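**Q** Respectively, the protein sequence lines represent chains A and B. For the first sequence, the working numbering begins at 31 and goes up steadily by one. For the second sequence, the working numbering begins at 31 and goes up steadily by one.
Calculated from the structure, these hints are not laboratory results. As the structure is a prediction and not an experimental result, all values here were calculated from the model. Beta carbons are placed, not taken as given, at the ideal position from N, Cα and C, and that holds for glycine. Take the hints with a grain of salt, since some may be wrong.
[Claimed, not checked] So the derived list for chain B, only partly shown, Cβ under 8 Å to chain A, looks like this:
#, residue
1, V51
2, D104
3, G160
4, H184
5, I222
6, A282
7, H367
8, H371
9, G592
10, L596
Protein chains: 2
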Amino acid sequence: MAAESAPPVEQMSSVTLNDAVEEAQFSKRVLIRTILGRPDGGAGVAGQKVRVGGWVKTGREQGKGSFAFLELNDGSCPANLQVIIDSSVAPLGQLVQTGTCVHVEGELKVPPEGTKQRVELRVHKVLDVGAVDPAKYPLPKTRLTLEFLRDYVHLRPRTNTISAIARIRNALAYATHTFFQKHGFLYVHTPIITTSDCEGAGEMFQVTTLINDAEKLEKELIKNPPPSEADVEAAKSLVTEKGEAVAQLKSAKASKQEISASVAELTKAKENLSKLEERAKLKPGIPQKDGKIDYSQDFFARQAFLTVSGQLQVETFACALSSVYTFGPTFRAEHSHTSRHLAEFWMVEPEIAFADIKDDMNCAEAYVKFLCQWLLDNCLDDMEFMVKNFDKGAIDRLRMVASSDFVRISYTDAVAILEEAAKERKFENKVEWGIDLASEHERYLTEVKFKSPVIVYNYPKGIKAFYMKVNEDNKTVAAMDVLVPKVGELIGGSQREERYEVIKDRILEMGLPLEPYEWYLDLRRYGTVMHSGFGLGFERMILFATGIDNIRDVIPFPRYPGRADL
Amino acid sequence: MAAESAPPVEQMSSVTLNDAVEEAQFSKRVLIRTILGRPDGGAGVAGQKVRVGGWVKTGREQGKGSFAFLELNDGSCPANLQVIIDSSVAPLGQLVQTGTCVHVEGELKVPPEGTKQRVELRVHKVLDVGAVDPAKYPLPKTRLTLEFLRDYVHLRPRTNTISAIARIRNALAYATHTFFQKHGFLYVHTPIITTSDCEGAGEMFQVTTLINDAEKLEKELIKNPPPSEADVEAAKSLVTEKGEAVAQLKSAKASKQEISASVAELTKAKENLSKLEERAKLKPGIPQKDGKIDYSQDFFARQAFLTVSGQLQVETFACALSSVYTFGPTFRAEHSHTSRHLAEFWMVEPEIAFADIKDDMNCAEAYVKFLCQWLLDNCLDDMEFMVKNFDKGAIDRLRMVASSDFVRISYTDAVAILEEAAKERKFENKVEWGIDLASEHERYLTEVKFKSPVIVYNYPKGIKAFYMKVNEDNKTVAAMDVLVPKVGELIGGSQREERYEVIKDRILEMGLPLEPYEWYLDLRRYGTVMHSGFGLGFERMILFATGIDNIRDVIPFPRYPGRADL
Numbered sequence: 031m032a033a034e035s036a037p038p039v040e041q042m043s044s045v046t047l048n049d050a051v052e053e054a055q056f057s058k059r060v061l062i063r064t065i066l067g068r069p070d071g072g073a074g075v076a077g078q079k080v081r082v083g084g085w086v087k088t089g090r091e092q093g094k095g096s097f098a099f100l101e102l103n104d105g106s107c108p109a110n111l112q113v114i115i116d117s118s119v120a121p122l123g124q125l126v127q128t129g130t131c132v133h134v135e136g137e138l139k140v141p142p143e144g145t146k147q148r149v150e151l152r153v154h155k156v157l158d159v160g161a162v163d164p165a166k167y168p169l170p171k172t173r174l175t176l177e178f179l180r181d182y183v184h185l186r187p188r189t190n191t192i193s194a195i196a197r198i199r200n201a202l203a204y205a206t207h208t209f210f211q212k213h214g215f216l217y218v219h220t221p222i223i224t225t226s227d228c229e230g231a232g233e234m235f236q237v238t239t240l241i242n243d244a245e246k247l248e249k250e251l252i253k254n255p256p257p258s259e260a261d262v263e264a265a266k267s268l269v270t271e272k273g274e275a276v277a278q279l280k281s282a283k284a285s286k287q288e289i290s291a292s293v294a295e296l297t298k299a300k301e302n303l304s305k306l307e308e309r310a311k312l313k314p315g316i317p318q319k320d321g322k323i324d325y326s327q328d329f330f331a332r333q334a335f336l337t338v339s340g341q342l343q344v345e346t347f348a349c350a351l352s353s354v355y356t357f358g359p360t361f362r363a364e365h366s367h368t369s370r371h372l373a374e375f376w377m378v379e380p381e382i383a384f385a386d387i388k389d390d391m392n393c394a395e396a397y398v399k400f401l402c403q404w405l406l407d408n409c410l411d412d413m414e415f416m417v418k419n420f421d422k423g424a425i426d427r428l429r430m431v432a433s434s435d436f437v438r439i440s441y442t443d444a445v446a447i448l449e450e451a452a453k454e455r456k457f458e459n460k461v462e463w464g465i466d467l468a469s470e471h472e473r474y475l476t477e478v479k480f481k482s483p484v485i486v487y488n489y490p491k492g493i494k495a496f497y498m499k500v501n502e503d504n505k506t507v508a509a510m511d512v513l514v515p516k517v518g519e520l521i522g523g524s525q526r527e528e529r530y531e532v533i534k535d536r537i538l539e540m541g542l543p544l545e546p547y548e549w550y551l552d553l554r555r556y557g558t559v560m561h562s563g564f565g566l567g568f569e570r571m572i573l574f575a576t577g578i579d580n581i582r583d584v585i586p587f588p589r590y591p592g593r594a595d596l
Numbered sequence: 031m032a033a034e035s036a037p038p039v040e041q042m043s044s045v046t047l048n049d050a051v052e053e054a055q056f057s058k059r060v061l062i063r064t065i066l067g068r069p070d071g072g073a074g075v076a077g078q079k080v081r082v083g084g085w086v087k088t089g090r091e092q093g094k095g096s097f098a099f100l101e102l103n104d105g106s107c108p109a110n111l112q113v114i115i116d117s118s119v120a121p122l123g124q125l126v127q128t129g130t131c132v133h134v135e136g137e138l139k140v141p142p143e144g145t146k147q148r149v150e151l152r153v154h155k156v157l158d159v160g161a162v163d164p165a166k167y168p169l170p171k172t173r174l175t176l177e178f179l180r181d182y183v184h185l186r187p188r189t190n191t192i193s194a195i196a197r198i199r200n201a202l203a204y205a206t207h208t209f210f211q212k213h214g215f216l217y218v219h220t221p222i223i224t225t226s227d228c229e230g231a232g233e234m235f236q237v238t239t240l241i242n243d244a245e246k247l248e249k250e251l252i253k254n255p256p257p258s259e260a261d262v263e264a265a266k267s268l269v270t271e272k273g274e275a276v277a278q279l280k281s282a283k284a285s286k287q288e289i290s291a292s293v294a295e296l297t298k299a300k301e302n303l304s305k306l307e308e309r310a311k312l313k314p315g316i317p318q319k320d321g322k323i324d325y326s327q328d329f330f331a332r333q334a335f336l337t338v339s340g341q342l343q344v345e346t347f348a349c350a351l352s353s354v355y356t357f358g359p360t361f362r363a364e365h366s367h368t369s370r371h372l373a374e375f376w377m378v379e380p381e382i383a384f385a386d387i388k389d390d391m392n393c394a395e396a397y398v399k400f401l402c403q404w405l406l407d408n409c410l411d412d413m414e415f416m417v418k419n420f421d422k423g424a425i426d427r428l429r430m431v432a433s434s435d436f437v438r439i440s441y442t443d444a445v446a447i448l449e450e451a452a453k454e455r456k457f458e459n460k461v462e463w464g465i466d467l468a469s470e471h472e473r474y475l476t477e478v479k480f481k482s483p484v485i486v487y488n489y490p491k492g493i494k495a496f497y498m499k500v501n502e503d504n505k506t507v508a509a510m511d512v513l514v515p516k517v518g519e520l521i522g523g524s525q526r527e528e529r530y531e532v533i534k535d536r537i538l539e540m541g542l543p544l545e546p547y548e549w550y551l552d553l554r555r556y557g558t559v560m561h562s563g564f565g566l567g568f569e570r571m572i573l574f575a576t577g578i579d580n581i582r583d584v585i586p587f588p589r590y591p592g593r594a595d596l
């Protein structure tokens with residue numbers, strides 16, 4: 031096993047021309063990438079016998095039905111393997127339908143001269159077929175719009191575009207982990223269910239079992255109605271009666287046996303009463319107390335939400351383990367129907383102790399460059415697909431970002447540049463010191479003015495969160511945003527305010543209550559440390575990389591107002 | 031940048047003795063691991079000037095207060111760096127308090143003979159101090175129980191145990207990604223918010239904005255009460271009146287100007303009426319329809335939950351991209367107060383096309399072995415800490431699992447073994463064919479009978495989920511569980527039923543409705559494929575590795591009934 035540990039992933043693709051194609055270790059087939067992803071396009075493994083499996087992209091019968099060509103894709107790479115099956119091997123009719131799953135054995139051959147392929151598979155045996163009725167299959171081979179595909183999230187991974195995006199997304203996720211691990215950052219799973227509201231103002235989803243509990247109770251009460259007042263009164267009378275009986279027997283000096291039998295009856299009557307009283311209290315509906323919902327009866331004994339950011343929580347680990355990051359789902363219950371918003375999306379949030387805003391910018395820049403270079407090194411075929419079909423500039427953009435130094439300007443300088451620009455072009459949003467930069471401003475800076483990624487830093491404190499470090503000018507905070515062409519803001523981060531008195535005042539200044547932040551203040555009370563961090567919207571990074579326009583197409587299962595399929 | 035891409039992480043630790051210690055790239059310090067983690071324990075870098083930062087584990091003044099020793103930890107490794115500060119450099123009183131954060135510059139020196147350390151730091155300059163008031167600090171240097179620490183989730187990462195667990199957890203997470211990437215699996219982010227219930231019976235958390243919306247509305251209605259019936263009636267009368275006025279003017283052949291002025295008044299009255307009628311409909315409370323909650327008004331226009339498993343959704347990608355996995359948070363709203371249950375926990379769920387139950391077992395075994403070997407290769411210092419403090423057998427257990435072939439027995443054989451054993455020992459739960467194995471049975475098999483990891487396969491179909499492949503005997507399904515010493519079941523998996531008619535019947539047989547599973551059935555309707563997968567409870571793996579007893583201590587922010595801190 032020792033040989034299996036810590037394998038450099040990139041060795042996977044550096045097969046030499048002499049290698050035999052290797053069967054995948056945990057499935058009965060050779061990955062098509064293992065054949066077509068070779069530097070020789072697969073020519074060097076002609077003659078070998080292999081099993082492959084995949085789904086038919088297109089198929090056609092030829093030679094008057096004597097054989098069929100299938101373009102087979104197994105998701106391991108964008109390229110299809112050309113497969114040739116003789117009618118003597120299997121009935122061809124159902125094999126050629128788009129969407130059919132085939133699992134076959136055969137021999138790799140060099141195709142006749144003049145064809146595009148460097149290798150093709152001659153099938154000797156069909157192991158399995160998952161048929162498709164073309165009259166019913168929702169994804170015919172005609173080109174389908176991304177919008178149409180959103181109604182088939184369970185089938186759309188079979189399309190070229192969604193599968194290419196899935197591979198790019200996978201690559202960016204592993205690149206993210208590799209970058210931070212390489213730099214000694216520890217991956218921390220921050221909570222999804224939270225009782226803190228990071229931004230102090232987020233539209234949050236509530237997590238509860240109260241409604242379910244109320245519905246269960248309601249059903250139960252219908253089946254088994256609560257006692258009436260009369261029932262309770264009757265039970266009370268019985269207790270009195272039994273109590274009197276005991277007293278009578280005692281004063282009459284009855285036998286021990288008689289008395290204890292009578293006491294037993296009294297106990298039983300009392301138990302029955304308390305059970306009835308308990309059940310009489312049961313009320314259908316969500317439990318209330320003092321006119322408000324009684325969250326003490328909710329699962330966590332308080333109101334709970336889905337996290338909007340793991341930052342505050344990951345800071346607790348940064349203030350102990352120094353360099354950490356979180357990478358997980360975050361949520362916003364905003365009724366935004368735009369192409370840039372999701373209700374559920376993934377964020378990467380590193381947090382670094384002993385780091386100031388400059389270190390933070392260095393980390394953000396190195397990380398984004400690393401991601402771009404990783405795609406160029408590991409996903410060039412998928413990127414070529416995106417260039418051909420969606421965004422001519424996608425690869426050039428990755429190259430540009432991977433190789434250029436990011437421009438760094440202060441917010442104040444950025445505003446001056448925008449004010450100058452506003453003399454010659456019209457912005458929809460007015461530019462003046464103090465505003466939050468709008469997307470059009472950000473894109474002007476990165477796309478028009480600098481034609482490069484830009485980091486804007488030192489924003490007015492009035493428009494930024496309470497946890498950001500107040501600069502010496504007392505007007506700005508040590509915040510920074512990374513702007514890139516195509517999407518504008520890709521990263522937002524800051525040095526965190528580590529001074530107890532200052533951050534406490536900032537919380538109060540913003541009209542927030544202190545109590546929910548006491549744990550956060552503890553990080554400043556005890557062994558406080560200079561620290562900084564940032565957040566990268568993972569889907570935004572994929573939009574940036576692929577050139578896709580709508581964020582709903584770069585996450586496997588998009589959630590937005592009115593939609594949460596599957 | 032090209033040189034930075036795809037770096038083999040393991041090179042990080044293979045520094046040679048000639049290397050200069052390298053400053054961390056994004057913070058102003060050298061990681062203590064870079065010094066103490068060297069094969070020479072740091073002796074080879076004596077003489078070098080470095081900056082380090084961390085938190086004081088213990089400190090003491092010596093030589094009548096002329097200098098102080100600090101044991102400094104920065105979370106990069108379990109070992110502390112010994113730091114010596116002269117009273118001429120900084121006031122020592124506050125530096126020596128446990129929990130103090132110090133950021134210092136100095137020179138690495140070889141300590142006098144006879145001391146434990148191979149290197150220590152002589153401080154020349156104190157850059158920063160985050161002080162601690164020892165009278166208030168909740169984590170004094172005395173040994174604290176894990177139970178006590180659960181009340182301080184925001185500070186407990188500063189303890190030796192929780193930080194060691196955090197590093198082990200981090201290593202297992204990265205090992206997970208590396209294993210699957212190495213084998214060509216694509217990482218898929220399955221949804222957290224879901225409208226499907228995988229198991230068909232899970233206790234699920236509900237995700238909603240209805241309560242929040244109702245509270246907002248209630249406040250709004252108090253500020254701005256809805257119109258009374260009289261208000262609406264008055265508005266209606268006004269419309270009638272204005273309508274009559276228009277009719278009168280028209281029949282009186284009034285001027286165009288007069289008529290259009292009158293029509294304008296009518297229009298205004300009508301608008302006012304419809305506004306009032308709209309507002310009159312507003313009712314405080316959660317919206318109802320036909321006596322039930324009206325989920326069409328919830329955020330996703332239907333009832334939504336937190337996922338209990340990503341399996342069904344990740345199958346949609348396996349049936350398109352062949353080898354995939356998901357690794358994310360999952361949720362159960364069970365009122366379990368045990369040391370083995372959490373309301374929020376992480377699962378690793380691979381799913382493989384063209385794979386049967388045997389491939390599935392091979393994958394599970396290789397994965398678990400890989401994780402164990404990874405910890406031996408990358409976390410031996412933390413594992414030694416666990417052995418010393420919690421579980422003498424922890425490292426031996428990893429070695430055993432990494433190097434032994436897992437025993438594989440059918441459920442039927444397992445039951446026979448247990449029945450035999452039951453003759454000599456007492457199980458709390460009766461053993462007979464058809465039961466679900468209890469934890470005591472599982473642990474008997476792996477700990478007592480085989481003293482090895484055991485995979486039990488082919489379970490009775492009556493106790494397993496509808497999606498598992500029915501075997502030819504029609505009595506069992508191709509399910510498998512991986513049992514390991516210490517925790518029992520670590521992995522549960524199965525070959526999936528790929529036959530449309532069979533799985534449809536299984537759903538109905540179990541009394542489940544078909545409609546919510548139509549999308550899942552589509553995977554069998556169109557291009558169906560043999561496929562298999564499993565789920566590993568990530569926290570269970572950490573319990574197994576570390577020997578820690580309570581699952582609440584191996585996740586950064588535990589969620590369980592009554593508790594969701596931060």
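**Q** All the hints need checking, so say for each whether the structure fits it.
**A** The hints, checked one at a time:
Given hint, V51 of chain B at the interface with chain A, is violated; its Cβ is 13 Å from that chain's nearest Cβ, farther than 8 Å. Hint status for D104 of chain B relative to chain A: holds, with the closest Cβ pair at about 5 Å, below 8 Å. Hint status for G160 of chain B: holds, given a least beta-carbon distance of 4 Å to chain A, under 8 Å. The restraint placing H184 of chain B at the interface with chain A holds, with a minimum CB-CB distance near 4 Å, inside the 8 Å limit.
The interface hint given for I222 of chain B holds, since its Cβ lies 5 Å from the closest Cβ of chain A, which is under the 8 Å cut-off. A hinted interface residue such as A282 of chain B counts as satisfied when its beta carbon comes closer than 8 Å to some beta carbon of chain A; here the least separation is about 50 Å, so the hint is violated. Checking H367 of chain B against chain A: minimum C-beta separation of about 12 Å lies over 8 Å; hint violated. Annotation: H371 of chain B was flagged as interfacial toward chain A, and the flag is violated, the nearest CB pair being 13 Å apart, outside 8 Å.
Proximity of G592 of chain B to chain A holds as hinted, the smallest CB-CB distance being about 4 Å (cut-off 8 Å). A least Cβ separation of about 5 Å between L596 of chain B and chain A falls short of the 8 Å threshold, and the interface hint therefore holds.
Hint check: violations occur at hints 1, 6, 7 and 8; the rest are consistent with the structure.
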